[in-house]
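Asks: Below, each chain spelled out in residue letters.
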Amino acid sequence: MKTEAELEQVLDQLYAAGPPRAAAEQALTKLREQVQTWRPQLWYGSLAQSPVGALLVAVSAQGVVAVDFGDNEARFVDRLRRAFGVQPNPSAERAGPAVRQLDEYVQGKRTAFDLPVDLEACSDFQRRVLEAAVGVPRGRLATYGEIAARIGAPQAARAVGQALARNPIPIIVPCHRVVAADGSLTGYSGGAGVETKAKLLRLEGAAIA
Amino acid sequence: MAIQEPKPEFAELVEAHAREIHAFVWRLVREDAESEDVLQSAFLRAFRAYDRLPGGANYRAWLYKIAGNEARTRLRRRARSPVELSDDFPAAAPSVEHQAELQLRLSEVAQAVEKLPHKQRTSLILRNYQGLGYAEIGEILEVSPEAARANVYQALRKLRARFVTAASGDLPAPARSPVEARVR
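Which chain is which? The protein sequence lines are A and B, in order.
Quick note: the first sequence uses my numbering, first residue 166, plus one each step.
Quick note: the second sequence uses my numbering, first residue 177, plus one each step.
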């Protein structure tokens with residue numbers, strides 16, 4: 166095109182009218198229906214014993230929202246309440262599939278999780294980092310820099326490390342498979358720290374020092 | 177000690193702002209199904225964060241911010257796995273030969289807008305098509321009103337540089353400001 170006026174015409178053609186009326190009505194109708202189902206609901210359950218100690222797990226209607234090491238239920242509930250603004254309730258039924266799969270996994274009877282995860286409470290950046298971490302297969306390791314490169318932010322290895330340190334769903338989102346550039350198992354905030362990270366990796370058959 | 181203002185029910189925010197926010201995300205992603213999905217994701221995020229939002233906040237700007245971020249995430253994914261652009265742009269062509277050329281032009285401009293930096297693209301849409309002022313755009317993007325104005329200017333400058341071939345005189349840009357004079 167030749168002139169500014171022509172460019173403006175094209176922009177107007179693309180954007181001025183906005184969404185088709187039917188699409189807008191449908192989007193609003195569906196949103197109203199959705200909002201009705203968003204009475205916030207979280208449920209949690211626990212695994213009393215495992216090679217990495219007791220575990221707590223919380224789920225929403227969308228998927229697993231949190232895993233915590235230990236059996237400090239009050240702290241777990243408080244953390245969930247602050248993150249989601251709702252009071253979670255214990256439910257062996259709702260949390261059951263996640264608890265069972267965690268149990269099988271830490272016992273070495275399961276190689277992969279078949280569970281949806283719900284990362285809606287994470288920032289965009291953290292969500293991208295965690296989604297990339299999910300892509301690291303069992304038995305393999307990735308470095309912080311590799312995850313940074315994978316999400317298109319090659320300079321952000323440090324921020325990747327921080328996002329993984331705040332992983333709300335350890336084990337299921339396998340942040341333990343992400344290590345320093347020299348292969349050392351730095352930084353694991355769950356359980357007994359680096360020791361737990363090493364335990365999980367050995368369980369998965371990863372080659373670690 | 178300040179007493180927190182009472183907050184409207186979340187459903188009231190949906191009624192007050194969802195239509196406008198949907199138009200905004202539709203303009204960003206330009207696809208019916210995806211705009212519906214972005215709208216739902218954005219409001220779900222807002223819903224979950226609503227308890228922590230102080231009463232008396234600018235709810236509209238807050239929703240715009242969340243929706244803009246959600247749309248940005250989708251556009252990034254799209255950039256990583258490009259799909260064919262839909263060819264159902266509303267175009268009234270004088271002849272069949274021109275039709276194809278017009279569609280191509282629309283696609284090219286739309287793609288160029290998608291490739292603008294987030295703040296420039298969002299500022300352009302908010303200012304020119306959602307009718308927001310620079311102060312409010314600045315609040316949504318967490319920049320000064322001057323920077324919001326500069327973002328619109330930069331967006332248009334890039335698009336002109338790419339698409340306008342005829343030599344032109346002074347750009348009919350938004351009214352000048354000190355910032356704009358610097359970026360020029």
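Read the hints as simulated data drawn from the structure, not as lab findings.
It is possible that some hints are incorrect.
[To be verified] Partner residues aside, some chain A positions facing chain B, computed with beta carbon under 8 Å: (1) Y270; (2) G326; (3) A330.
[As the list claims (entries may be wrong)] Derived coverage of chain A by chain B (criterion: at least 3 residues anywhere in the stretch with Cβ under 8 Å from a Cβ of chain B; other residues may be distant): (4) 169-180; (5) 212-224; (6) 333-341.
[Unchecked claim] To give a feel for the contact side, a few chain A residues facing chain B, derived at Cβ under 8 Å: (7) M166; (8) R367; (9) G370.
Beta carbons: idealized from backbone N, C-alpha and C, even for Gly.
Asks: Next, verify each hint and record whether it holds.
Replies: Status of the hints after comparison with the structure:
1. For A/Y270, the interface hint is violated, the least distance from its beta-carbon to any beta-carbon of chain B being 28 Å, above 8 Å.
2. Residue-level restraint check for A/G326 is violated (minimum Cβ-Cβ distance to chain B is 21 Å; threshold 8 Å).
3. Among the interface hints, the one on A/A330 is violated; its C-beta lies about 22 Å from the nearest C-beta in chain B, farther than the 8 Å criterion.
4. Residues of the region 169-180 of chain A with a Cβ under 8 Å from some Cβ of chain B number 8, which satisfies the need for three, so the listed coverage holds.
5. Counting residues of the region 212-224 of chain A whose CB falls under 8 Å from any CB of chain B gives 0; the rule of at least 3 is not met.
6. With 0 residues having a beta carbon nearer than 8 Å to a beta carbon of chain B, the region 333-341 of chain A misses the requirement of three or more and the stated coverage is violated.
7. Restraint check, A/M166 versus chain B: the minimum CB separation of about 6 Å is within 8 Å; hint holds.
8. Because the closest C-beta pair between A/R367 and chain B is about 34 Å apart, greater than 8 Å, the hint is violated.
9. The criterion of a C-beta within 8 Å of any C-beta in chain B is not met by A/G370, whose closest approach is roughly 31 Å, and the hint is violated.
Hints 1, 2, 3, 5, 6, 8 and 9 from the earlier list are contradicted by this structure; the remaining hints agree with it.
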